[in-house]
Amino acid sequence: MTLQPIYGLILAGGASKRMQRDKAALKIQGKTQLDRAFELLSRYLQRVFVSVRADQTSDPTRAHLPLIVDSVEGAGPIAGIRSALAAHPEVAWLVLACDLPFVSDAAIEELLRRRDPSALATAYKSAHDGLPEPLCAIWEPAAAPPLAEYQAAGGHCPRKFLIRHGAPLIDPPDPRALDNVNTPEEYSQAVAALETLAPMQLKIQYYALMREQAGRSEETLETAAATPADLYSELAARYGFTLSREQLKVAVNSEFSDWSRKLAANDAVVFIPPVAGG
Amino acid sequence: MSFRFTQTAIDTESARRELQDLGSGGYVSFEGWVRDQNEGQEVTRLEYEAFQELAVKEGDRVVAEALRRFPVKHALCIHRVGSLDLGDMAVWVGVSSAHRGEAFDACRYIIDEVKHRLPIWKKEHYRSGNSGWVNCERCAVEPQHSHAEHRQRAAK
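Chains as they are written, first to last, in our numbering: chain A, 1 to 278; chain B, 1001 to 1156.
Hints are computed from structural coordinates only; laboratory data are not their basis. All values derive from a computational prediction rather than experimental measurement. It is possible that part of the hints are untrue.
When the alpha-carbon atoms are kept at most 30 Å apart in a straight line, the in silico BS3-like pairs for lysine-lysine are as follows [to be verified]: (1) A:Lys249 - A:Lys125; (2) A:Lys27 - B:Lys1057; (3) A:Lys31 - B:Lys1057; (4) A:Lys203 - A:Lys125; (5) A:Lys31 - A:Lys249; (6) B:Lys1115 - B:Lys1057; (7) A:Lys160 - A:Lys249; (8) A:Lys203 - B:Lys1123; (9) A:Lys31 - B:Lys1115; (10) A:Lys160 - A:Lys125; (11) A:Lys31 - A:Lys203; (12) B:Lys1057 - A:Lys249; (13) A:Lys262 - A:Lys125; (14) A:Lys203 - B:Lys1115; (15) A:Lys262 - A:Lys249; (16) A:Lys160 - B:Lys1123; (17) A:Lys160 - A:Lys203; (18) A:Lys125 - A:Lys31; (19) B:Lys1123 - B:Lys1057; (20) A:Lys262 - A:Lys27.
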């Protein structure tokens, strides 16, 4: 089986009834949620599009990005996903809602790594209710016909569709990663939470192969990385580390740590490549 | 203190004296030496490097575990860091105990866990002029290996 390439699709067509504002245009860390989501997926995927309704194509929040206009009947996320599958039937789609401000580089990497191309979709499992999160998921080309049937039969909920088809579910790297922002209160909480993350000083020490590849034994740096997993993604991109995160352990403040631990200012982080004492 | 590093040759005589105890009927030690070849390559020298702050904590935990699991009197592990020549001693483990059986078991437990758990790395320099970090270079080429698999392979 040949593995289809993956394009990105940002869903940003929602009416935002509870927010009473366009969620895509809300700013977090100085950027719109839509631009943040677009930049995140663009770090991993060759092509990324924004899903829009026909009446949104000249909207200033969206118009500067590559768009896929709904081409199928009906509204909602399923129409957006089906339109993307119709526009490029040969690729799989990493679908991401624009109102998930806590989705991190680590969450996207994990989803890409855990993709099951033989399923209709691979989705994160919600940390709140254990159900699939269809709007941070990879949808395979084979999902197009059953999605069309489901919608023709009156279905409109992509979550129910994934439950019905038994899509493989993976645990998010951080239980908060998929929290969405639906109300003005949730928005101001998210802004506050992400402000405290950004940016802080961390001390990184490098040993052995990591030291040689980083070209230094330690550094202090400003980063918005929330967890050691995010920090490793950032530094691996900068220094071209050859080891993947699965091959490493990590220590924070001279004790072994989880990759999903929330980092605090002035934490000392050490990435531990495979050991060879004795 | 049950685990420590040294930059210079390990003094096994004085280390052995730290374990002496009139209640002990025997003493078992293990010495790890620098070998002249590894996986088909001729080794000329080694460099050991450690994240000492964490390695000492983890090493102390390993020795404490051995003392809990096996009824031995005293145990100590010393690991060398820096540049080592062929035949040099890289690691030493000593255990004293009332009876020999548990002393052998505890010694084996300590060296096995130290090799697998402590953040210590070994760079081999080869006759060919090449060099490489053991367990790191090969798995960079074959990224399917994990810490756990190294452990299984090493245990064979």
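Checklist entry - Can the restraint linking Lys31 of chain A and Lys203 of chain A be considered satisfied, given a maximum Cα separation of 30 Å? => result Holds. Lys31 of chain A to Lys203 of chain A sits at ~27 Å (cutoff 30 Å).
Next on the checklist: Would the hint linking Lys262 of chain A and Lys249 of chain A be met if the CA-CA limit is 30 Å?
Outcome noted: Roughly 16 Å between the alpha carbons, so the hint for Lys262 of chain A and Lys249 of chain A holds.
Item to check | Given pair status - Lys125 of chain A, Lys203 of chain A, alpha carbons within 30 Å | outcome: violated, 33 Å
Item to check | Distance restraint between Lys125 of chain A and Lys31 of chain A, which requires alpha-carbon spacing of 30 Å or less | outcome: Within the cut-off at roughly 27 Å; holds.
Item to check | Given pair status - Lys1123 of chain B, Lys203 of chain A, alpha carbons within 30 Å | outcome: holds, 25 Å
Checklist entry - Is Lys1057 of chain B within 30 Å of Lys249 of chain A, Cα to Cα? => result The hint holds at about 16 Å.
Checklist entry - Are the Cα positions of Lys262 of chain A and Lys125 of chain A separated by 30 Å at most? => result holds, 20 Å
Checklist entry - Taking 30 Å as the top limit, are the C-alpha atoms of Lys160 of chain A and Lys125 of chain A close enough? => result Roughly 13 Å between the alpha carbons, so the hint for Lys160 of chain A and Lys125 of chain A holds.
Next on the checklist: Between the alpha carbons of Lys160 of chain A and Lys249 of chain A, is the straight-line distance 30 Å or under?
Outcome noted: Not satisfied, since the Cα-Cα distance of roughly 37 Å exceeds 30 Å.
Next on the checklist: Please verify whether Lys31 of chain A and Lys1115 of chain B have alpha carbons no more than 30 Å apart.
Outcome noted: Judged against 30 Å, a Cα distance of about 48 Å means the pair is violated.
Checklist entry - Straight-line Cα separation of Lys203 of chain A and Lys1115 of chain B no greater than 30 Å? => result holds, 27 Å
Item to check | Restraint check for Lys27 of chain A with Lys1057 of chain B, where alpha carbons must lie at most 30 Å apart | outcome: Violated. Lys27 of chain A to Lys1057 of chain B sits at ~45 Å, over the 30 Å cutoff.
Hint compliance for this structure: hints 2, 3, 4, 5, 7, 9, 16 and 17 are not met, and every other hint is.
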